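Colleague: Chains A and B, in that order, give the protein sequences. According to our numbering, the residues represented by the first sequence are 1 to 483, in order. According to our numbering, the residues represented by the second sequence are 1 to 336, in order.
Everything labelled a hint here was simulated from the structure, so no lab data went into it. Be aware that one or more of the hints could be misleading.
A few chain A residues that face chain B, going by a derived Cβ cut-off under 10 Å, partial list only [stated by the list, open to error]:
(1) Gln425
(2) Ala427
(3) Arg481
Incomplete in silico selection of chain A near chain B, CB under 10 Å [as the list claims (entries may be wrong)]:
(4) Asp113
(5) Thr114
(6) Gln121
(7) Gly124
(8) Leu140
(9) Asn198
(10) Trp285
(11) Ser441
(12) Arg445
(13) Ile451
(14) Glu462
(15) Asp463
(16) Glu478
Here are the computed lysine-lysine pairs in the PhoX-like style, where the Cα-Cα straight-line distance is at most 20 Å [what the hints assert, rightly or not]:
(17) A:Lys217 with B:Lys175
(18) A:Lys256 with A:Lys299
(19) A:Lys420 with A:Lys388
(20) A:Lys215 with B:Lys175
(21) A:Lys416 with A:Lys329
(22) A:Lys75 with A:Lys299
Note that the structure is predicted; figures quoted are calculated from it, not measured. The beta carbon of each residue, even a glycine, is placed where N, CA and C say it ideally should be.
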Amino acid sequence: MCSSSSNTRSLTASFATLAALSLLLAACAPAAQPAAPAQPAAPAQPAAPAEPAAPAQVRDFVTWYQYDEKNEDPKSDERVGNEYLRRTIPQFNEAFKDKWRWINQPQPFDKMDTNLVAAVQAGGDVPDLMQAGDGSLIPLLKNGAIQDLTDWIKAQPWFNDLDPSAVTGCTGPDGRIYCVPVAISPFIVFVWKDHFPNGYPKTPEEFKQAAEALKAKNVYAITFFGSTAFDGNGATRFTNMLIQSFGGGFDDGQGKMKLDRPENVAAIQFLREIVAAGYVHPLSWEGTTTPFVEEEPMKTAEAASFPTGIFGYRYVNPLKAPNGKEYKKGNEEDMLDAITAGDIFIAPLFAPEGKKPGCGIGVTGFVIPTGAKNPDAAKDYINWIMTKEQNPDWVLGPGGGFPALRSMLPEIEARKPVAKAFYEQAAAAVAASQCRPWYGSLERRDEAKKIIQTTVYKLVKEDPTADISATLRAAEEEYNRGN
Amino acid sequence: MFGIPARFTYLMATQAQAKPSALQTTFRRIRARGFFSHTLPFWLLLPALLIIAAIQFYPGFYSIWLSFQDRQGAVWNFVGLRNFERIFNSAAFRESVGHTVVFLVGYVVVTIFASLVIALLLNRTVKLSGVYITLIFIPWVIADVIAGLVFGLLVVPEYGLFSPILSNPTLFPPKGLSITSDPAPRPWIPGFPFPPAPAMYYLILASAWRALPFVTLLILAALKTVPRELIESARIDGASSFQALRLITLPLILPTLVVALFNLTLGGMNGIGLVFTLTRGGPGTATEVLSFLLYTIGFSRLEFGRAAALSVFIAIVNLLLILLTLRVSRLEERVQ
């Protein structure tokens with residue numbers, strides 16, 4: 001009897017232990033799968049204790065930006081976007097005070113896509129809207145992380161006002177639209193006027209002559225993103241501009257990489273020559289250790305020109321002109337002021353006779369993630385951003401480019417007179433160039449850009465005597481093996 | 001023909017009656033003590049086992065499954081060995097294997113040699129040896145990320161502490177040395193990245209600095225077990241200090257050195273913190289080791305299938321290294 005009772009106790013204890021462990025494991029299990037995109041929104045989260053209580057029907061609208069409104073550091077690289085959010089979050093909350101409460105969750109710009117895919121696939125909390133560019137489209141689409149917005153976007157009153165190239169940037173390989181373009185970022189050249197008093201060179205030969213003269217004054221003619229940092233992001237910037245200027249490209253129009261072509265070989269040969277001659281600032285190649293360090297010589301006028309995306313004006317500050325004049329607000333207005341004052345001008349890149357300057361183009365806007373709890377909030381937000389009151393601020397701040405809505409440019413210039421010269425010069429540079437996305441028909445864009453930039457780096461920096469044509473052929477074959 | 005002779009079965013039967021078998025005793029004990037109390041060690045281990053299963057086995061098996069899949073929208077598609085094929089056929093993989101080998105050889109050799117020298121010095125009776133040991137231990141408690149950032153700042157061309165020395169053309173002709181951007185010289189063997197870029201030497205140095213305390217303490221502990229009388233006898237017999245070290249001390253601490261060697265190899269192969277913060281695989285791809293390539297494919301390009309295939313490859317190499325470590329350890333035990 002006693003033994004039986006002991007056994008029963010043992011078994012009971014065993015089951016109790018198992019039950020406790022099961023409860024523990026259940027508590028640690030991942031959250032439930034996210035709601036289907038079209039499902040009605042989930043109930044609102046309770047308000048944070050420190051904040052004033054919101055009305056019961058007000059729901060959270062969660063965004064992922066690369067900016068952090070709580071970061072008030074004036075030296076932060078993202079100060080322009082941070083300040084923009086600080087200013088507009090209260091405006092949105094006021095405009096939708098009975099409906100939505102905007103909560104921004106800042107994300108590092110080079111981790112946003114990864115974090116979103118991880119959240120979607122793990123069934124975790126995803127934002128209602130994420131800031132994204134056309135470069136993110138394919139990886140997010142391939143991983144099922146974003147919603148098809150075609151039907152909704154086409155039904156919006158502002159759709160027909162969108163620049164067709166912006167819509168193309170948001171269109172997937174299946175012809176559906178997956179992001180909402182708000183700003184277009186062509187690639188142009190920022191130039192110190194005192195270093196190029198007769199204007200920016202029109203041809204590679206003119207550039208070499210001017211660069212030689214600058215070299216005599218201990219000034220580098222150019223600085224650019226030449227490193228392989230950020231998985232070869234340099235391929236989307238100066239490398240692409242230069243290749244396009246020489247009439248080359250990266251693809252065959254059918255989804256295959258095509259690097260070995262005479263125009264590309266000529267462009268890389270030119271790059272080798274200007275590097276060997278000492279016209280390129282050495283920091284152009286340093287980005288792997290110190291990201292975006294190539295901007296520094298432009299800030300101090302140690303380098304005379306800086307080809308980059310138009311968005312670069314937000315980051316290249318404060319500035320010190322060759323004549324000693326300083327622009328030291330420490331925000332995007334420094335570049336705008338320098339352009340207005342005539343110390344800096346915007347130009348298209350040089351191109352050989354008979355060719356149009358190359359000019360990559362990118363799109364910035366929004367995606368609505370798969371499993372977003374409040375897609376309606378995201379749509380309300382996008383419509384709010386597309387209004388005349390809000391769009392200029394977004395385009396000048398987080399967008400850093402031309403407005404995707406064609407009717408907005410005069411509005412922006414009227415709103416911010418200091419931007420007038422900037423936009424006029426940028427528009428002229430774009431008009432003089434042939435602007436197209438760097439990736440063409442390539443689908444595995446992240447892999448492609450790494451292969452391209454690594455190859456260019458090898459040919460120019462590691463082995464300047466290597467056969468350009470053979471090396472380019474080997475690189476394209478490597479990409480095409482994955483097709 | 002193969003039956004048991006009758007007299008043996010009789011004997012077995014009588015012995016069985018006289019003395020219960022070990023199995024019977026065990027069952028009797030179970031019955032006597034109760035199931036739970038007998039299996040108590042298992043229950044105590046269960047939480048740890050479940051945690052290990054959750055964080056080791058499940059992700060491990062999931063990675064293997066993933067390595068045969070490719071994501072298309074919301075679904076995974078079975079692609080067989082295509083992910084492996086694409087990984088093994090890529091130049092990036094071949095290059096990163098070469099970089100990993102160069103890094104590991106440099107890292108292990110530098111760390112073990114430096115640790116051995118420091119441990120031999122500390123093994124002598126010196127004043128304030130406790131202070132030295134504490135100081136040497138500091139790099140061990142610094143996170144990889146912090147160490148990487150600090151080492152990075154030291155060599156930034158514009159304002160790094162070592163920049164005036166590195167950029168001196170007299171010391172490094174013809175135009176100074178840039179750790180962060182100078183490419184690798186032309187390889188001696190085509191396709192194998194040796195000699196490496198300056199950044200690789202720097203990465204090895206930073207990694208060795210991080211690992212130095214642990215290996216030093218390991219070797220120091222082993223040195224303390226070497227009988228002093230043996231060394232003294234050898235010295236009396238006319239052996240020099242170097243001969244005593246080579247013929248007595250080193251053979252006796254060899255098992256520890258082997259363990260250190262494999263530990264460093266495993267750690268170096270899987271470590272990414274320093275690469276990520278110090279060089280990000282650059283300049284070019286000069287320091288792109290396997291672990292960094294894995295990170296790039298998985299978390300930058302979001303190609304989880306290919307990343308999983310690469311991780312399976314790395315896991316197999318790790319497994320082989322572990323088996324080799326165990327085998328060498330057993331051989332050493334037998335020799336001793």
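Colleague: Need the status of pair Lys420 (chain A), Lys388 (chain A): alpha-carbon distance at most 20 Å?
Modeller: Holds: Lys420 (chain A) and Lys388 (chain A) sit about 17 Å apart, inside 20 Å.
Colleague: Given Gln425 (chain A) as an interface hint, is its Cβ closer than 10 Å to any Cβ of chain B?
Modeller: violated (30 Å)
Colleague: Hint check: is the beta carbon of Ala427 (chain A) less than 10 Å from a beta carbon of chain B?
Modeller: Given a least distance of 34 Å, the restraint on Ala427 (chain A) is violated.
Colleague: Does the closest beta carbon of chain B sit nearer than 10 Å to the beta carbon of Asn198 (chain A)?
Modeller: Given a least distance of 30 Å, the restraint on Asn198 (chain A) is violated.
Colleague: Are Glu462 (chain A) and chain B close enough, Cβ to Cβ, to be under 10 Å, as the hint says?
Modeller: This interface hint holds because 4 Å falls under the 10 Å limit.
Colleague: Take the shortest C-beta to C-beta distance between Gly124 (chain A) and chain B; is it under 10 Å?
Modeller: Violated: closest Cβ of chain B sits about 16 Å from Gly124 (chain A), beyond 10 Å.
Colleague: Was the hint right that Gln121 (chain A) lines chain B, CB cutoff 10 Å?
Modeller: The hint holds - Gln121 (chain A) has a Cβ within 10 Å of chain B, the shortest such distance being about 8 Å.
Colleague: Please verify whether Lys416 (chain A) and Lys329 (chain A) have alpha carbons no more than 20 Å apart.
Modeller: holds (16 Å)
Colleague: Arg481 (chain A) was flagged as interface toward chain B. Is the shortest Cβ-Cβ separation under 10 Å?
Modeller: holds (6 Å)
Colleague: Answer holds if the nearest beta-carbon of chain B is closer than 10 Å to that of Asp463 (chain A); otherwise answer violated.
Modeller: holds (7 Å)
Colleague: Please check whether Trp285 (chain A) passes as an interface residue: C-beta within 10 Å of a C-beta belonging to chain B.
Modeller: holds (4 Å)
Colleague: Does Arg445 (chain A) meet its interface restraint, that is, does its C-beta lie within less than 10 Å of any C-beta in chain B?
Modeller: Because about 9 Å separates Arg445 (chain A) from the closest Cβ in chain B, which is inside the 10 Å limit, the hint holds.
Comparing the model with each earlier hint shows violations of hints 1, 2, 7, 9, 11, 18; every other hint is respected.
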